[in-house]
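Asks: One letter stands for each residue in the lines below.
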Amino acid sequence: MLFTDSVFIIGLCVLAAVYFVIPKKTRWGLLLLASCAFYAYSGWTNLLYILTTAASTFGVTLAMDRMAAKRKETLTAHKADWSKDEKKAYKEAANKKRFRLLVLCLFINFGMLAVIKYGAFTVKNLNSLIGVFGGEGSIPVPEFLLPMGISFFIFQTMGYAIDVYREKYAAERNFAKLTLFVSFFPQLIQGPISRFDELSKGLFAGSGFEARRVLFGVQRILWGYMKKMVIADRMLPAVKVLISDPEQYRGMYALVGILFYGLQLYADFTGGIDITIGIGQVLGIPIAENFNRPFFSKNITEYWRRWHITLGTWFKDYLFYPVSVCKPMINFSKWSRQKLGKNIGKYAPVYVSTVAVWFVTGLWHGAAWNFIVWGLMNAVVILVSERCTPLYQKFHKKFAWSNTHAYDGFQALRTFLLMGCLRMFDCYRDVPLTFKMFGTMFTDWNVGIFFDGSLMNLSLTASDYAVLLTGTAVLFIASLLGRKGSVRKQILDRSPLLSCAVTVALLLIVVIFGAYGIGYDASQFIYNQF
Amino acid sequence: MNKKLMTAVTALTMMSALTACGGETSKPAATTAAQTTAAAQTTAAQTTAAAAASSDAQTSAAAAAPSAPAAIKFTYNANGTEIAINAEADAVKAALGEPQQTFEAPSCAFDGTSYTYTYAGFKVETYPDPADKKNKVYAVTLTDSTVQTAEGAKVGMTPDEVKNLCGEPDGETMGYIEYKGDGVALQFFMDDNGEKVNTVVYTYAK
Amino acid sequence: MTKGKILLCGTGMAAASVLLLAAAQRLLMPKYMGDVVEGNLVADYYDSGYDHDVLFVGDCECYENFSPVTMWQEYGISSYIRGSAQQLIWQSYYLLEDALRYEKPDVAVFNVLSMKYGEPQNENYNRMSIDGMRWSQSKSDNIKASMTEDESYLSYVFPILRFHSRWNDLCADDFTYFFGAEPNFFSGYFLRADVKPAENVPTGRPLTDYAFADTCWEYLDKMRTLCDETGIKLVLIKAPSVYPYWYPQWNKQIEEYAEKYALPYINFLDEDLMAETGVDLSSDTYDGGLHMNVYGAEKLSHWFGAYLSRTFSLGDRRDEPQLSAHWREITERYYAEIARQKDNLEKYGNVKGEQKPEE
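Residue numbers (our numbering), protein chains in the order written: chain R, 220 to 749; chain U, 15 to 220; chain C, 144 to 502.
Misleading hints may appear alongside valid ones.
Looking from chain R toward chain C, a few residues come up when the C-beta cut is under 8 Å (computed) [as the list claims (entries may be wrong)]: (1) Ser225; (2) Ala430; (3) Ser682; (4) Val721; (5) Thr722; (6) Leu726; (7) Phe732; (8) Gly733; (9) Gly736.
The following residues of chain R were derived to be distant from chain C, with all beta-carbon distances above 10 Å [as the list claims (entries may be wrong)]: (10) Ala296; (11) Phe318; (12) Leu323; (13) Pro361; (14) Phe695.
Across the chosen pairs, the derived CB separations fall in these ranges [as the list claims (entries may be wrong)]: (15) R:Asp712 / C:Arg169: 47 to 55 Å; (16) R:Arg713 / C:Trp278: 50 to 58 Å; (17) C:Ala354 / R:Ser225: 14 to 22 Å; (18) U:Asn207 / C:Asp415: 21 to 29 Å.
Treat the hints as calculated values from the structure; they're not laboratory data. Keep in mind it's a predicted model, so treat the numbers as computed, not measured. Backbone N, C-alpha and C define an ideal beta-carbon position, used for all residues, glycine too.
Make the full structure from the sequences, and use the hints.
Replies: Printed below as a string of structure tokens:
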């Protein structure tokens with residue numbers, strides 16, 4: 220089911236109406252039913268994946284909690300008669316057991332993800348490798364239908380399991396509540412990847428109707444639909460045309476593709492997240508922000524703090540730091556300082572961790588080499604950027620004009636184009652082709668396409684361009700206003716009537732200017748596939 | 015030394031990624047309609063070899079097995095102009111020249127016009143494709159023995175003569191013999207006695 | 144904010160949304176007052192007064208080939224043609240069923256060409272045939288039977304979901320006719336006064352299968368049963384349109400069906416009958432034989448009116464004042480329209496009065 224399906228929209232309205240009428244204590248139960256129904260809509264068997272994750276995590280986290288409680292109890296009991304070393308040894312042994320349980324849970328879930336999502340990719344590459352050595356690579360390639368949102372809910376739940384292991388908070392003792400956390404329907408399609416301690420507060424609270432909050436939630440939902448249906452879906456045919464025939468659409472067309480895809484991806488992804496967070500807000504469930512004006516970023520590091528925030532923080536908290544501080548990495552750090560010199564030796568562990576994280580980030584996006592290369596390219600740019608930081612600081616110190624808003628604007632544009640170039644891997648889905656198309660931007664100087672009407676042959680009419688330009692301008696202005704604080708709040712503070720009018724206007728804009736129905740492609744959210 | 019090492023590591027990473035992708039046949043996210051159509055086409059030889067006869071209860075007496083016939087061509091060649099079903103009609107008409115007769119049939123509520131162009135020995139019927147509003151060839155009918163198919167089959171032949179030239183059909187009744195391939199049907203209709211072909215038709219296969 | 148104010152705001156927003164969306168829908172739905180007027184045919188019925196002895200159902204071979212004005216003027220038969228472009232048999236059935244909510248004619252006439260279409264054909268024609276219906280079970284069933292793969296039921300409930308993209312194609316007509324179109328039909332008859340002789344009419348290409356689809360037989364049965372149950376006489380006809388080709392094999396199946404159920408079946412393509420009606424395809428058609436012009440329609444109606452009057456003992460109702468007044472208005476418009484089209488033909492060479500650019 221997609222956010223843009225009429226079944227979803229009607230179901231959401233019914234859900235909200237019923238939610239506020241039923242007793243507070245039962246509201247989370249209604250959400251669980253709705254989430255199961257939502258997931259089952261794409262096939263009852265898909266619920267098995269959710270249940271597997273929920274059940275394995277529930278069992279393991281409860282056991283880890285019990286073990287932690289027993290450990291504390293034992294240590295308290297032997298506070299006086301055990302030595303420091305005895306206590307340390309006991310603690311280590313106890314944590315080792317808990318760690319093994321965690322590994323089991325991670326193995327089951329990431330294993331499931333690996334097989335379903337990466338099984339075919341792995342086997343195909345193995346067959347290729349065997350072929351390179353002269354053999355016959357004929358291992359049967361397993362084909363699985365990728366369950367919707369599997370990457371999202373497994374990552375979210377494993378984050379919870381790791382948090383429980385780290386004793387950040389106690390495990391959830393109600394299996395149904397944990398299942399709700401795993402399967403909460405607005406997040407299933409494209410995140411964000413929430414943390415249990417943050418989400419659960421609102422998820423199980425059963426908040427009542429509160430006019431201002433509900434109004435803001437509705438406005439955010441409509442804003443999300445506007446981005447998705449008016450901008451992203453309208454841009455989609457043009458992007459498809461540009462990547463469908465690389466031989467024809469090269470040079471400046473590739474640049475146009477970067478711009479179009481950048482806008483489309485942004486509107487599609489952030490639109491979906493707006494709908495998710497808006498639904499949460501209506502129901503009184505705060506959901507973590509996933510974007511923070513990413514196209515205002517002045518460099519790649521800042522960009523990744525503003526784009527797909529929850530994925531970035533997940534990798535930072537659950538992969539980067541653990542890898543950075545694990546024993547093998549500490550040993551490697553010592554070795555590299557000795558063998559590679561103080562300069563490189565100091566940074567080598569960071570580099571390795573970064574490359575590892577970005578390798579996995581790329582892999583998370585898809586079981587294909589283009590995603591892996593995309594991830595690694597991001598790592599390279601980030602690391603080069605880090606290394607050049609002293610240079611940049613000197614530059615900014617020397618030239619005063621480099622500290623102006625105009626230069627900030629230049630940096631934002633530069634970062635947008637840089638990220639757009641990296642995104643070409645996502646568009647063309649073929650690594651050599653992507654490099655080739657990137658090269659044509661410098662070799663095929665067909666700037667005439669901007670003036671000779673060629674851009675009118677990309678399945679976009681003049682009206683479409685007008686809507687897109689207006690939509691982009693509105694997004695930009697909203698982002699600028701958003702720097703001062705919530706735009707919805709600013710509008711409401713100015714005039715409640717204006718706020719109501721904006722809500723109605725958004726609804727009309729989505730219904731009238733949305734690119735849906737006969738004549739438009741019913742397009743999936745881009746991040747559905749992850 | 016450190017800088018060289020950095021460069022080498024970066025280059026190695028990039029190279030390994032590239033070489034790993036050398037054999038991948040991943041495609042761009044979207045495929046054009048042309049690619050889809052091209053992918054759907056099979057060779058005529060494969061079609062005839064793979065096709066099983068699906069005759070119904072009125073099948074006539076079994077004909078003698080034809081000797082290795084040529085693979086069937088599902089386009090009609092009219093004096094050097096290849097006419098394919100679903101080809102753009104304007105281009106076909108331009109290549110064929112002015113027809114002897116034209117019949118226009120506007121659709122109801124002005125939703126396009128169908129045409130029937132009559133040439134010496136054959137007719138071309140067109141229809142307005144709602145997808146792109148262009149007229150496309152819907153059917154080509156051979157009406158007399160002055161014209162023939164690529165295999166040499168024509169009006170006036172017996173069913174056996176047709177099968178000798180075209181091979182075992184995909185469908186056969188007393189009223190017609192039919193061959194299918196590339197989404198097109200080549201149909202030989204018999205006279206009332208079922209003895210001779212009186213019309214040959216190329217059209218969309220059902 | 145107090146509860147009352149919140150309720151007021153919420154209700155206000157909901158009401159404003161509904162009103163504005165309704166207005167937008169009204170604006171964006173095609174008015175069918177330009178080149179394609181046939182889209183207004185189905186809705187036109189609801190202004191017809193619901194007092195008809197004969198109800199035609201069928202496609203353009205119905206609404207362009209018979210003149211209800213002639214049947215009224217010569218025989219006092221009040222008739223209406225419930226047709227639309229490429230109207231499929233199940234659409235005809237549901238329109239007949241819908242009409243029975245308002246009246247019960249003595250005779251229902253069905254043109255059998257649509258027996259050749261066993262599946263939903265075209266989304267545009269569906270919209271023209273269905274959007275004009277008032278909401279009823281018949282409309283709902285009609286939608287479900289007619290929807291093509293890419294259509295949705297919801298888009299018929301809220302047509303703005305289908306026509307929203309017309310914001311880009313709005314024209315003066317959309318504003319002029321915002322409150323309602325002014326269709327120019329004559330008891331469901333679409334009038335053309337120009338002439339284009341039928342020439343080079345091709346014979347039909349042979350088919351491998353002449354069987355009508357099961358769905359079509361099912362709906363023909365339903366139509367027959369509906370008429371039986373309501374005491375309406377069903378007459379099957381095939382209008383004298385020479386294209387699409389009406390195969391003898393199709394004709395035979397209808398003849399057999401008609402014989403089986405003792406239904407009258409009149410094939411106006413029959414040479415003898417065509418001679419009897421006086422229809423001349425060199426002067427009585429406006430598009431080369433596909434449809435009659437008004438002269439051909441009047442000839443057919445003259446013959447058919449006599450047949451209906453005689454066969455079903457339909458009374459002459461010209462002495463009914465209210466009905467006469469109703470038909471007087473239609474007749475006046477009818478002759479005015481003929482005069483207008485003739486005048487345009489003389490001045491501009493076309494019935495619409497479109498000025499051709501100077502060469």
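Asks: With reference to the structure, classify each hint as holding or not holding.
Replies: Okay, the hints, checked on the actual structure:
Contact between serine 225 of chain R and chain C, as hinted, is supported at the beta carbon level, the nearest pair being about 5 Å apart and thus within 8 Å. Of the supplied interface hints, the one on alanine 430 of chain R holds, with its beta-carbon coming within about 4 Å of a beta-carbon of chain C, less than 8 Å. For serine 682 of chain R, the interface hint holds, the least distance from its beta-carbon to any beta-carbon of chain C being 4 Å, beneath 8 Å. Taking 8 Å as the C-beta contact cut-off toward chain C, the hint placing valine 721 of chain R at the interface is violated, the least distance being around 10 Å.
At about 6 Å, the closest approach between the beta carbon of threonine 722 of chain R and any beta carbon in chain C falls short of 8 Å, and the interface hint on this residue holds. Checking leucine 726 of chain R against chain C: minimum C-beta separation of about 6 Å stays under 8 Å; hint holds. A hinted interface residue such as phenylalanine 732 of chain R counts as satisfied when its beta carbon comes closer than 8 Å to some beta carbon of chain C; here the least separation is about 7 Å, so the hint holds. Taking 8 Å as the C-beta cut-off, the interface hint given for glycine 733 of chain R holds, the closest approach to chain C being about 7 Å.
The interface hint given for glycine 736 of chain R is met, as the beta carbon of that residue sits about 6 Å from the closest beta carbon of chain C, less than 8 Å. For alanine 296 of chain R, the shortest C-beta to C-beta distance to chain C comes to about 57 Å, beyond the 10 Å cut-off, and the non-interface label holds. Every Cβ of chain C is farther than 10 Å from the Cβ of phenylalanine 318 of chain R; the closest lies at roughly 52 Å, confirming the non-interface assignment. Residue-level check passed: leucine 323 of chain R sits 47 Å from the nearest beta carbon of chain C, beyond 10 Å.
With a cut of 10 Å on Cβ distances, proline 361 of chain R stays outside the contact zone with chain C, its closest approach being about 32 Å. For phenylalanine 695 of chain R, the non-interface assignment is confirmed: its Cβ lies about 23 Å from the closest Cβ of chain C, beyond the 10 Å cut-off. Look at aspartate 712 of chain R against arginine 169 of chain C: about 35 Å separates their beta carbons, and that is not inside 47 to 55 Å. At about 42 Å, the CB distance of arginine 713 of chain R to tryptophan 278 of chain C disagrees with the hint of 50 to 58 Å.
Take alanine 354 of chain C and serine 225 of chain R: their Cβ atoms lie about 37 Å apart, and the range 14 to 22 Å is violated. A hinted range of 21 to 29 Å for the beta carbons of asparagine 207 of chain U and aspartate 415 of chain C is consistent with their spacing of about 28 Å.
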